[in-house]
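Undergrad: Given next are the chains, with one letter for each unit.
2 protein chains.
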Amino acid sequence: MTARIYVKLKPEVLDPQGKAVSGGLRNLGFGGVKDVRVGKYIVLDMDDAIPVTEAEKQVKDMCEELLVNTVIEEYEFKIDH
Amino acid sequence: MTARIYVKLKPEVLDPQGKAVSGGLRNLGFGGVKDVRVGKYIVLDMDDAIPVTEAEKQVKDMCEELLVNTVIEEYEFKIDH
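Protein sequence lines correspond, in order, to chains A and B.
Read left to right, the first sequence gives residues 25 to 105 (the numbering used here).
Read left to right, the second sequence gives residues 25 to 105 (the numbering used here).
Everything labelled a hint here was simulated from the structure, so no lab data went into it.
Hints are not guaranteed to be accurate.
For identical chains, the list gives no copy identity; a pair is met inside one copy or between any two copies.
[Claimed, not checked] Okay, derived cross-link-like pairs now, BS3-like style, lysine-lysine, Cα gap no bigger than 27 Å in a straight line:
#1 Lys-34 / Lys-58
#2 Lys-58 / Lys-43
#3 Lys-81 / Lys-43
Being a predicted model, the structure only gives us computed values, none of them experimental.
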């Protein structure tokens, strides 16, 4: 079972890495880019024996306890069985 | 128009950050996690005037020229119009 977690900074939090990437893209001639945000993409390989509802609960707990700084970041996740 | 880019290390490349996260999750009691890979999640806000086929080409070029180290990383992207 695979859980894919997408973590990004909250919209009101400044993203210096995104700003740097945005500037880099413009310098390379990609003028159509208005804004860039850089976050984390975490892929968890989980034991298939765990029921999906239990896995969802566990992934939520993992995010809140370790993977995501909920003060400045927000997250979504998907589980493929 | 929003382009979402998911970058991860190629499967054969060692991921020390993923290993550290995996160990951390196990220490917190999440025993069902077999493997963790940590990648990047990049969200581009692009000019709506660009046709989707052109945007797809541009995002591919951005990935290969700046956003992704294609020697060790692989990527996928989605564009929402």
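Undergrad: Give me the numbers of the hints this structure contradicts, sorted from smallest to largest.
TA: none
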